[in-house]
Amino acid sequence: MSHHPGFPYLTVLILLPAAGALLAAVLPNASRVVYRLIGIVTSLAVLGFAIAVGFLLQAGNGGYQFTSHHVWAKSLGISWYVGVDGISLFLVLMAAVLFPIVLVSAKSNRDPRAFVGWMLLLEAACMGSFLSLDLILFFLFFELTLVPAYFIIGGWGYAGRAYAAIKFFVYTFFGSAFLLVGILVVAFLHQSQTGVLTFSLPALEHTHFSSTTGILLFLAFTSAFAIKAPLFPFHTWSPDAYAEAPTGGSMILAGVLAKLGTYGIIRFDLNLFPQASRTLAPLLLTLAVIGILYGAVVACAQRDMKRLIAYSSLAQIGFIALGTFAFTTQGLTGGVLLMVNHGLITAALFLLVGWIYERRHTWQVNELRGLQRPAPVLAAIFTVSMLASIGLPGLNGFVSEFLILSGTFLTHRWWAVVATLGVIFAALYLLWAYQQVFHGKPKPADEKTRDLSWAERGIIAPLIILIVVLGIYPKPVLDRITPSVNRLVDRVELVTHTHQPPVARFGTNGAEVQATVRSAP
Amino acid sequence: MLHVAFLIPLFPLVGFVVLLTFGRRLGNPLAGWIGTIAVAGAFVATIITFAGLLGRPSNAREFTQSYFSWIPVGGLQVKWAVLVDPLSIFMCLFVTGVSMLIHLYSIGYMHEDRDYSKFFIYLNAFVFSMVLLVLANNLLVTFVGWEGVGVCSYWLVAFWFERDSAASAGKKAFMYNRIGDVGFLLAMFLIFSKVGSLNYLTIFSHTHLLGSATATAAVLLLFLAATGKSAQIPLFNWLPDAMEGPTPVSALIHAATMVTAGVYLLCRMNPILGLSSDGRWVIAIIGCATAFVAATIASSQHDIKKVLAFSTVSQIGYMVLAVGCGAYIAALFLMVCHAFYKGLLFLAAGSVIHGLEDEQELARMGALRKWLPWTFATFLVGWLAIAGIPPLAGFWSKGDVLANVYAKSFPLYVAGVITAFLTAYYMSRLFYLTFTGKARWQEAAGDQPAHHTPHESPWVMRIPLLVLAFCAFFGGVLDLPWTNRGLNNFLGPVFAGTLYHDNLSMTSQWVLLAIDGVIAVAGLAVAWVLWRVTASRPALTPAFLERVWYWDDFYDALIGRPGQAVARFSATVIDAKVIDGAVNGVASLVKSSSTGARRLQTGYVRNYALGIVLGLAAILVFMVSRTWWS
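Chains as they are written, first to last, in the numbering used here: chain A, 190 to 710; chain B, 597 to 1226.
Since the hints were made in silico from the structure, they are not lab data.
To spell it out: a stretch of chain A is covered by chain B in this simulated footprint if at least three of its residues, at any positions, have a beta carbon under 8 angstroms from a beta carbon of chain B; those stretches are:
1) 477 to 491
2) 623 to 630
3) 663 to 673
Only part of the chain B face toward chain A is listed, based on derived beta-carbon distances under 8 angstroms:
4) Ser665
5) Gly670
6) Gln673
7) Phe739
8) Phe785
9) Lys790
10) Val791
11) Val1179
Because the structure is a prediction, the values reported are computed rather than measured.
Think of the CB as a built atom: it goes at the ideal place given N, C-alpha and C, for glycine as much as any other residue.
From just these sequences and the hints, can you work out the full model?
Right, here's the structure in full:
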């Protein structure tokens, strides 16, 4: 909780987009340009603040920084308590990168005022969720994300949007009910033990739970997060929602909102219930591995590109959960990094298929053919995004995938082995889809497909640059994630009296220690 | 002089970036020349580095150059760094040298292609990945190159993507390699978990941390990776399909360089292979089996490139066999000679295909000796070299492998000799059908009209043929048995302690070489009798061999079709009916049990949503305002 600069950066990150949303809402009958400008300028300003936070964050310090803590209702124990560490920083940055791209690319949407308003509100809610260190505050933001997302799917979506929006809303709302009950129980148990009613995460970390209570609370929290992520088998809302949402909606749903689930698991489950997380790790790891293989297998049978990306996301989320519950430095760091990488890659893929739809009005792979000839730049950018998703080394997806699998192998060897098979499938369905859409002789309807305009290239360029740069030089990111992850791993180990293998921390020196311990009687 | 090592990957990388940015504007043939010059720069940088290495005493030829950190997480510290040692520089020398020649050849061969500049983008990217693969100082950066060459192979096989067969072949190549990649990844996880590092030198100095079971597992996993990349049983059947790519690609990637990456990996990891005798036996047996099976298939193919493709599989089988016997230097000797003569054969075949306007069927060739004299002469050298006729390169390098195998295991030696006979036979069949006999291309066949008079290729294509023919003829001098064995001396330190010494007497060596020579001549003679006059002998090309021992059909029946069925079932039944069905079931249950309460509520999610947003907004506004003033 060190480093307390005077300027409340994090509060600004949350309030600025909210203010932008409000401005769009109160400004009546302005022209389309004005609303678009409000959206773009606001989200770019947020990005600027997020980058500033990234530069000012102390890299070696794993704790919460930029914290600001203001008691709101003392009798209720609720505070405006925000802070950032290496785990949340890059999610904030990733979200701050995606929102401007969404707002710039959605140029032809009808009712720009409402669209911009909902999007900025969504950004505020996402920032709030990633930055809250107070459980009630987190819950409020976590719930608040539902509403704009619901309206965006329902208002700007495609044919099946009504069903998809309601399913999304009811399903995730259902999970949240458990979360709220869980939060209240934790706080009351803490109060009964210490006499203090508080919802502050660092304070609640010291609450003691019996093993059954811990497991039940873990399940209550995790049900909300598993639905949001989504983890197998709670995923069936996501193909509908991702497919029916407008392009920008799909980008944010899969890129940012999904991460609220996995982030919640890491931030709250692991910090509050280390023992239960350990005990139930085999269950979660198994669901993760099933998700990886199952998502990939089902993706192989999809004919609709958006659904294909949705199932591919299910597999990727499985990788995140796998790294998380491996409880190693590499696994968790990889998990956090994959949240960021998956956000960037999936957003790029949704953006690209959105552009294909604008040109050809279909997502069905068998209605498209040979697009590489008329649209070579589109094909090339799609190829880079696809290869990043497949996990080609040199691009960002590989770094996270490798860290997760090597970290999982250290503690849960056979889960890692089965999950590694998932890398075969990812290539299978994506290359198949690519061949269907881009290879072959174009049919007459395909021949005139317009290639990406310079504006479109400019919109997607930040994503492609990040995909390449984070693949080759992820060190600045890893140097900030790892200390926070180590802090978390230490805490889990302290509570559960378990240890990750020494190699995870100390490399070859650790390996020597391991060998000595093993050869000792 | 070792400090210029960074230029070896940098030249093709810069070439790639330049061509990617300006390729289309540079156009034909400037883009091709830029690509060629970039690779030539890498070749020169390699020679300078090589000279620097030779300037050091033979026990101090190891030099690491680190650029920047890549993945630093706790105990896992991976850098972008290269290891300059005799093995990596040996590989770089022939990789950049052959690549340069094939770039030059492509300037002529791809002359009429509409995606001319794109071809050189891919080709430079390939060379970059390949030198990264061999120069890396750790397994993970090698893996970057490994995947890089794989993806370039995918792009180049599917280069004529409008042809469905080309697109599918590219995908198939990628998928088979992905299966091998699982082995590579798991080997890295295993080694990291035991050694705590992926650096080659760290691993090699800490082999005591690996138990024998772990070492065997690591060796088998690495070998799985090698079977994918180097087209060995059971993952060999992507390579013949990869012939859909333009012929320079087949020469460069699918004969001379990329497909030998698996052999390189096994050689690089020789201290680990040294820990597992069981692992090496598996490698030797699979290599031998692949060499034999592929040779039988090559003897009954009807497409000039398919014969060469299966021949490549068979020759790499020999290299793998040598590695399994611990005869690493023999494997590398064969690798470089093979790069010369197989590169040459593919380029000459390309010249034939070019001359006959994209004809690849042997049945539509014949008597080309008169029309393509340069191609004929150079192909002749390649043919005699691979057949093992003394004193050409193939005779010495294959002889070295077989002598080691003889000392190690007699049954494997016998299989190796039979394969050598088959090699001489199928290559001679290919040669006679292409260059001698009747000029069958002059006749119309079925619905295909007769070809025009074939034309010899331009000089940019002939120069690489001549250089490679020279190398294929004299390549043996690298490591002649009665000399001081240059290659053995140079590469020796890399394999100190793990190299197998056959300890054969000089007499035994000469006897074995004599046997090799006789076998080669016998193969030539048998083919001469059978194929000199006729182009069709169905009894000698049975469907079993023609259809690749039904290998593809077997995989399709075993994995392909059941896999599709499982995917469809998962999507339509499990996901849609079972999992989503359960979700909707719960939803409707809740709905029916709450009919009484329904009247209290409007039932519209929309209204709830608005309620929530207003409620939450009110709370948050209140919170923020309190915060601001407190």
